[in-house]
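Protein chains in written order, with our numbering: chain A, 417 to 674; chain B, 417 to 674; chain C, 417 to 674; chain D, 417 to 674; chain E, 417 to 674; chain F, 417 to 674.
Keep in mind that the hints were calculated from the coordinates and are not lab data.
Nothing false has been slipped in among the hints.
It does not matter which identical chain is used: a pair holds within one copy or between any two.
Straight-line C-alpha distance at most 27 Å; calculated DSS-like pairs for lysine-lysine:
1. K433 <-> K474
2. K437 <-> K555
3. K474 <-> K607
4. K669 <-> K555
5. K669 <-> K563
6. K433 <-> K617
7. K433 <-> K607
8. K607 <-> K617
9. K670 <-> K433
10. K670 <-> K654
11. K654 <-> K607
12. K670 <-> K563
13. K617 <-> K580
14. K474 <-> K654
Residues per chain are reported as follows:
Number of protein chains: 6
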Amino acid sequence: MSETVLISELPWTDYEKRLAKGRTPVLLPVGALEQHGPHLPLNCDTVIPLAVCEAVAKRIGALVAPPLEYGYKSQPRSGGGNHFPGTTSLDGNTLVLMTRDIIREFGRHGVRKMAIVVGHTENLMFTTEACDLALRDLKAQGITDMKLIHLGYWEFMTEPTIGKVFPDGFPSWNLEHAGVMETSVMLYLRKNLVDFGQVPKHPPADFPPYDIHPVDPHRIPSSGALSSGQTATAEKGKYMFDEYVETIAEALKKEFAL
Amino acid sequence: MSETVLISELPWTDYEKRLAKGRTPVLLPVGALEQHGPHLPLNCDTVIPLAVCEAVAKRIGALVAPPLEYGYKSQPRSGGGNHFPGTTSLDGNTLVLMTRDIIREFGRHGVRKMAIVVGHTENLMFTTEACDLALRDLKAQGITDMKLIHLGYWEFMTEPTIGKVFPDGFPSWNLEHAGVMETSVMLYLRKNLVDFGQVPKHPPADFPPYDIHPVDPHRIPSSGALSSGQTATAEKGKYMFDEYVETIAEALKKEFAL
Amino acid sequence: MSETVLISELPWTDYEKRLAKGRTPVLLPVGALEQHGPHLPLNCDTVIPLAVCEAVAKRIGALVAPPLEYGYKSQPRSGGGNHFPGTTSLDGNTLVLMTRDIIREFGRHGVRKMAIVVGHTENLMFTTEACDLALRDLKAQGITDMKLIHLGYWEFMTEPTIGKVFPDGFPSWNLEHAGVMETSVMLYLRKNLVDFGQVPKHPPADFPPYDIHPVDPHRIPSSGALSSGQTATAEKGKYMFDEYVETIAEALKKEFAL
Amino acid sequence: MSETVLISELPWTDYEKRLAKGRTPVLLPVGALEQHGPHLPLNCDTVIPLAVCEAVAKRIGALVAPPLEYGYKSQPRSGGGNHFPGTTSLDGNTLVLMTRDIIREFGRHGVRKMAIVVGHTENLMFTTEACDLALRDLKAQGITDMKLIHLGYWEFMTEPTIGKVFPDGFPSWNLEHAGVMETSVMLYLRKNLVDFGQVPKHPPADFPPYDIHPVDPHRIPSSGALSSGQTATAEKGKYMFDEYVETIAEALKKEFAL
Amino acid sequence: MSETVLISELPWTDYEKRLAKGRTPVLLPVGALEQHGPHLPLNCDTVIPLAVCEAVAKRIGALVAPPLEYGYKSQPRSGGGNHFPGTTSLDGNTLVLMTRDIIREFGRHGVRKMAIVVGHTENLMFTTEACDLALRDLKAQGITDMKLIHLGYWEFMTEPTIGKVFPDGFPSWNLEHAGVMETSVMLYLRKNLVDFGQVPKHPPADFPPYDIHPVDPHRIPSSGALSSGQTATAEKGKYMFDEYVETIAEALKKEFAL
Amino acid sequence: MSETVLISELPWTDYEKRLAKGRTPVLLPVGALEQHGPHLPLNCDTVIPLAVCEAVAKRIGALVAPPLEYGYKSQPRSGGGNHFPGTTSLDGNTLVLMTRDIIREFGRHGVRKMAIVVGHTENLMFTTEACDLALRDLKAQGITDMKLIHLGYWEFMTEPTIGKVFPDGFPSWNLEHAGVMETSVMLYLRKNLVDFGQVPKHPPADFPPYDIHPVDPHRIPSSGALSSGQTATAEKGKYMFDEYVETIAEALKKEFAL
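Chain A with its partners taken away, still in its complex shape:
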């Protein structure tokens, strides 16, 4: 039987054995196809949580479902806005239904421990709603013991690491869009997809505390990045990535009693 943790690569017969009657957790990465400046590919928000899930799964004996590669609409203050070419987003309801359906199906297979690992800030409330609706639907079908852990991977970075990676001060997770963290982790994970020479050098974006609809592109850095990834390195990326994996693995082991 293959050692892969990717459900997609298993025959159903192996998948069934690996499920171990529902004792095995399933991790679902929920990403996006979203611009990340001129230096990072559009798939950052999928690549990172998928890699996190794979590494976590190896540690804790979990399986990884195929990632959702399209997410909710990019917002100016956390992703630059949905007007950029390449950013390819779903209506909120679509993302809710998509995630709900998938959770329900794993529940039908017998899975009882799932982690929804979000890679794109704008997804969070819609995947939260999906968790709620999936549990409601499962209950209506007689399944009442599914446990879901819902998380944004970046929230697992510890304060010491933030201090280390951002010695000159941490702007905010929102402004980190295509900034030091994502650039570093992508340098570590998929160096060939990073065009470091294109990293923008502009200061962090400065937003008022509100949003404007329709978006006004002139108020957003034309690069699409909300802060500069100039100080990013693959080493920082590895450091952060390893911490994500370790802290998420610990959390899931505790919550899933592994």
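Given chain A's structure and the hints, the job is docking chains B, C, D, E and F onto it.
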């Protein structure tokens, strides 16, 4: 003609005059019916943004639409969770459709400047989606010049005020649920609805960086408050409220070219 | 503990006590934001059922949920039509989902007796559908003992009262839009919001027995009222209001075995 | 070319000619499958409006679309309630979408004059919503000149006829469910489907002015009829039917400028 | 009690008896209003499955529900495309909800054996989805023993019959749109609605193995038929019809243990 | 600028250049997570169309969007049924919305030529509906020149190739589920994921011409494959794959005037 800024209190004939062919902004408060500890009423998230809207409207010559008094499901880390009695929430899609429909209708009246003033963190992404869908629908009907400002009122508190109100350190907006800020502002606005003797004294809630579905009530302060409002006063409330009104009024004047 | 019957004004702890393990009924007013001629405010269809609910609740020991202040689209023959400025309406599905969600949530709290008190004719079939869907959903979650009473408050006026209030003949409930009944009750409840000098004097609207889409505004009284409220008085308003309260309270006591 | 007015019986080539570039009106009967007492078949609410449409179409040169044979849920006070075997109903949203889609498609064909001829009281608000949504969608596709007439056929009975058919007093349209009118018209149209010996003899149902969810079958006449059709005759049926046809034909000729 | 198998023609009391506590199967024809060339009426896809259902019902003691006369959008390669006048189609979701609602309602009546008899290729996946959703919903309401047979009637033609009816080779079911089979069966069932002189004589349509959106009408036979019905006869129609009835009746007897 | 054809691997700036103002086609693979017997991984229906898209894109200068890795529910006669562990499917409406949203977004970017390349039979009608709805929505936003090609890749295999690959007779595309074609192409594309020793040896499944809901697993080969892939080879896989690529590339060049 009545001096009220509340649309609901105007006859349609006065409303039409007050609209001034769409030059007048309309402010829509979007609240919730959500537990706020044993000392605050369930309507905090509606009362505060409604009061902010009324005061802002008086300053800038705007009108205020009836508030939405039911919001999205309370989340443990920002509202204690949706399992408390009294917390009465909508599915995400319902809140989206509700807000979208209302924006569309004001667009039909000729309104071209609207502010969506959110009083409940959990609403934000769903009201964001509503803004996007409303503009899409309006465009399909030939209306392309609607401008929407979407905000959470608490985001307008300035750093100096945070320093002043939280001299011992600001926990976070999420942990402020039913804490010093909301208690203070409610003491200022609706003292009769605050039972100060019931303010919880427990330390701020301590959450891991993820959510669990279904919610585990034992991990949440049994009071429903996420931090203590013991140091709240009506004076602080007035101070913060006035700042909200002033900063939001300024923002809207600028954005709406008033 | 506060004496208010408004759920929104209670802390959740008091609300829970007042629920008395589901023995206490909850009343949900479902109104509209709809033009009511040049003399009445846009909120008539919310103000009246809310006031009825409050008075009924005091009599029978019930609680009142925050009203829905937006309703289904105004129809020419019962509300003048949806084309008037100020009339701000929901798609039918939105009103259904909104009402359904709220009933479901009260069911989750343990409420088992609810009255849906409609103040706007056009809502009735959509709130009816909401009752049906809410019970279906509750059943799927294992709650099978919720009882809902669904009513339009005006239907509780007795024949003798109709004779008294309309000595020259009762046109019809539909033509009563912004007419003697609503004007009288608003004079009684919210005199300051009635501009009696603006009461239209035109004869009742005369409609063919069908509707036209899109609406033809020229066939509808330009005032928005469908009959004249010239003979309205606060005394008549009190008389009718008291009868609504008494007859609805009696009905709910009987149905809810109070 | 066939003389039929039924669109379903025409080849598309004849249909196209008969449309006359959109000058020809299309009539859409919207019925139900609903119990009508032990003496009438379940299809009364479809058979009658379909026959009305056919007769009207012949008079005014219109075409008739296939009827919708399933309608909205029967209500106790107008149809006995949805709990009877045989009554087979749609969710409100389903009926809205169904009717909306059909109107949109006729709009795509070039039809610009449509009448929605409802045979089931409970449909009315949902078909109203469908008219509104269809026009909105057509507008978004660039079609702005569709005119819809929406009607319940029974509302075209004149006062003199009511006096003649109900010499002892007219109960109400709602109580007429499976009563004198429907029994008479069915005797005229489909005598073979009427089992006159089974006509209930009980007095009209007596309802309080509210509805109860879930329905309480014991409060509803066990026959399913809300009043007695004992005095029904085929002659009365013909008289009423002819009047429906004549008055509706006149209304459509006027509205459609035929 | 009437001998009809049409539910619509029964009073509810007879229907209830005929249901025999759920032992009686109910057959639901799902058709379309779709162009079928210049020689066949728009209702072929409804007339044929309805006639099949009636004949099958008589054989096996089943009942027939009113047919759905509107179906999913005609596709170029199986129905010529949805751009023809007369073709009047539903959105996929509408057809799903419609069919789902009806199955649910029969489940509520106590029916436990249903056949969904499709007459229009394009419906198949949407009625399949409806079956799945209806069973899910029924389960949530506690009904777990409904059995549904879902079929397209034409799939019951045996290979020998295909050889006999198409001695020169069978094109494909898709190209049979308005071809020999449908023309023959309509000649047998509703000769008066067939204009045999208009049968197109063009060769079968030749399509590439993909679809184009929006449809390009120039690539589709302008007649709307995808092959020629020139060799159709009523005798062939009877032969095929009888085989449909016999084979479907056998299948249902077996599956429903009749 | 990277030579990749995968949109996900491009920064938005490169993507924009590569779009060439909409002259570049975008290919969207729509797959599934579905059991394919004990010898093939769950991702066959995604891997194959993705590989086809990449190869086609390189030939014709197109770009490839991230694949949809979850599809519509597996059906017994074409995929073995949705009851197998591992098969993880979407409701029909979810797949429609997902695909519609993505097409709309590419339309917003300026893309005017898209191919929807389906790898899972059961998706076809839902992706068809998505094409129709996306074009409708785009039109409502003023975009009327999008051209979509919708295809199932296997339909591009030519008759000669079928004769060559299936010398003993071609069962049918439906029975080819996890049979010779898919096994061969997977052997060619992802040999490491094929466990050839597990290829079932049973004869092709034998289905009646109808479906049963709920599915009866006993009527379906317990392997999940519908025919045997014993004669599959990587060479056959390459042959077929190359033909898919060539014929699809030719079709797109012609349709998109490349």
